[in-house]
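A.B. asks: Each chain, written out:
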Amino acid sequence: MLSLINLLLPALMPSWRFFKAVDPSPRVEWALLADAHSTASDWQEFRPRPQHLSLLQMARRMLWNPRWNEALFLVSCAERLTLAPSEHSRQEILHRIEAALPSPAAGEQKRYLQFRLVFIDREEDGSLVKAVTYQSDPHPISRGPAA
Amino acid sequence: MSLELALRATEILMGFAFVLQSLEHLASFQNEQIIHGPRLVLSGLLLAGIATPWVLLGLLALGLLHLQRFQGPYNGGSDKMSLLILCCLTAARWLPSEHWREYAFAYLAGQLVICYFISGQVKIVNPEWRSGRALQDVFRFSTYPVSESLRAYADRPRLLWMMGWAVMLFELVFPLALFSRETLILALLTAALFHLANACLFGLNRFFWIWLAAYPSLLWLQERLIL
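Protein sequence lines correspond, in order, to chains A and B.
If you use the working numbering, the first sequence corresponds to residues 1 to 147, in order.
If you use the working numbering, the second sequence corresponds to residues 1 to 227, in order.
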């Protein structure tokens with residue numbers, strides 16, 4: 001009950017400090033592993049943004065934008081996981097990546113999923129730097145290969 | 001604008017925003033569907049104006065479940081605004097005296113004014129916002145631009161400097177719009193355009209719809225207090 005009140009209070013008395021500062025920005029990357037002891041090398045960004053969106057696509061997204069809103073939630077999870085690691089945030093990211101995994105190719109033996117959080121920031125000279133702030137343990141993929 | 005008309009307009013706009021939100025969650029995991037299936041039905045009843053006080057209570061209960069499920073807001077500020085509007089509307093429909101109902105709804109209007117002013121104030125004290133660097137960073141490396149091609153705006157510093165100052169000044173002077181009907185309507189139209197731009201450029205579509213739902217409270221409060 002107390003935790004629910006703690007969750008509700010920021011909505012009743014919001015701080016409204018939108019974009020106070022532009023903080024380092026997280027990306028979620030994932031990789032598949034053959035076994036729990038393998039080292040991931042082929043990291044892929046989860047739900048990368050498209051190269052271009054037409055005005056019509058933007059208009060459509062005004063009414064129907066579930067993937068993007070899910071991606072914004074994952075940004076929150078990534079920030080929570082970096083600031084105050086919790087099993088909830090870890091599971092949310094894992095489940096959403098797992099649900100979006102492409103069907104395995106015939107004979108593919110990769111049975112484990114791993115994700116990491118990469119934060120992008122700007123240096124004083126304007127160059128962008130990346131830092132890996134979190135890397136999950138390998139997680140067995142629950143669903144079997146596509147028939 | 002009467003209190004009743006403003007409440008009804010808010011219920012319709014919020015109900016529509018909730019329908020869109022819940023439809024998106026219905027396309028997701030089962031434990032989200034359990035919350036958002038009933039929420040979609042209740043939002044439909046709210047739009048139709050059926051058993052409104054009870055429907056609002058039901059939506060509030062589901063809102064708390066939603067908070068618990070995601071251990072906080074799913075969509076940041078838009079979820080906070082959704083809950084704030086819902087709490088104020090529920091209070092305005094359940095409180096026994098007219099005065100208290102007005103206070104509950106006026107609280108929403110007050111928060112709307114504060115939200116724009118505070119957003120402007122926290123930006124203008126930041127040198128990175130004043131120099132235009134912050135908005136360049138938003139386009140260059142933040143997670144918000146909806147396509148890679150939009151990142152090219154980071155290389156147009158003069159344009160972003162002007163956009164940044166326009167946003168900061170608009171947010172800071174927003175409370176002054178309360179002094180006349182015409183300026184308030186103009187300010188709300190400008191704010192709606194601002195949210196529309198954020199929705200198109202940064203994918204913040206939920207913010208657009210739910211912020212619109214708070215506008216009737218301000219139109220009502222201005223008439224009640226000033227005109």
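Honestly, the hints are just simulated from the structure, not real lab data.
In this text, a Cβ means the ideal position worked out from N, Cα and C, and glycines have one as well.
Hints should not be assumed to be uniformly reliable.
Claimed, not checked - Covered stretches of chain B, as calculated for chain A (at least 3 residues, CB under 8 Å):
1) 91–101
2) 136–147
3) 210–220
Stated by the list, open to error - Take a look, some chain A residues computed to stay more than 12 Å from chain B by CB distance:
4) 3
5) 6
6) 18
7) 38
8) 39
9) 43
10) 60
11) 63
12) 96
13) 126
14) 140
A.B. asks: Work down the list of hints and note, for each, if the structure agrees.
C.D. replies: Each hint, compared with the structure:
Under a criterion of three residues with beta carbons nearer than 8 Å to beta carbons of chain A, the stated coverage of the segment 91–101 of chain B fails, only 0 such residues being counted. Check on the segment 136–147 of chain B: 9 of its residues sit with their Cβ under 8 Å from a Cβ of chain A, so the three-residue criterion for coverage holds. Given a C-beta distance limit of less than 8 Å, the hint that chain A covers the segment 210–220 of chain B is violated, as 0 residues qualify and 3 are needed. Chain B draws residue 3 of chain A into its interface by the beta-carbon criterion, the shortest separation being 8 Å against a cut-off of 12 Å.
Not every CB of chain B is more than 12 Å from the CB of residue 6 of chain A (nearest about 9 Å), against its label as outside the interface. The beta carbon of residue 18 of chain A sits about 5 Å from the closest Cβ of chain B, which is not more than 12 Å, so the claim that it is off the interface is violated. Every CB of chain B is more than 12 Å from the CB of residue 38 of chain A (nearest about 28 Å), matching its label as outside the interface. Chain B leaves residue 39 of chain A outside its interface by the beta-carbon criterion, the shortest separation being 27 Å against a cut-off of 12 Å.
The Cβ of residue 43 of chain A sits about 17 Å from the closest Cβ of chain B, beyond the 12 Å cut-off, so the non-interface label holds. The claim that residue 60 of chain A lies off the interface is violated: its Cβ sits roughly 10 Å from the closest Cβ of chain B, which falls inside the 12 Å cut-off. Not every C-beta of chain B lies more than 12 Å from that of residue 63 of chain A, the closest at about 6 Å, which undercuts listing it as non-interface. Not every CB of chain B is more than 12 Å from the CB of residue 96 of chain A (nearest about 8 Å), against its label as outside the interface.
The Cβ of residue 126 of chain A sits about 9 Å from the closest Cβ of chain B, inside the 12 Å cut-off, so the non-interface label is violated. With a closest Cβ-Cβ approach of about 19 Å to chain B, residue 140 of chain A is found to remain outside the 12 Å limit, as its non-interface label requires.
When held up to the earlier numbered hints, the structure conflicts with 1, 3, 4, 5, 6, 10, 11, 12 and 13 and fits the remainder.
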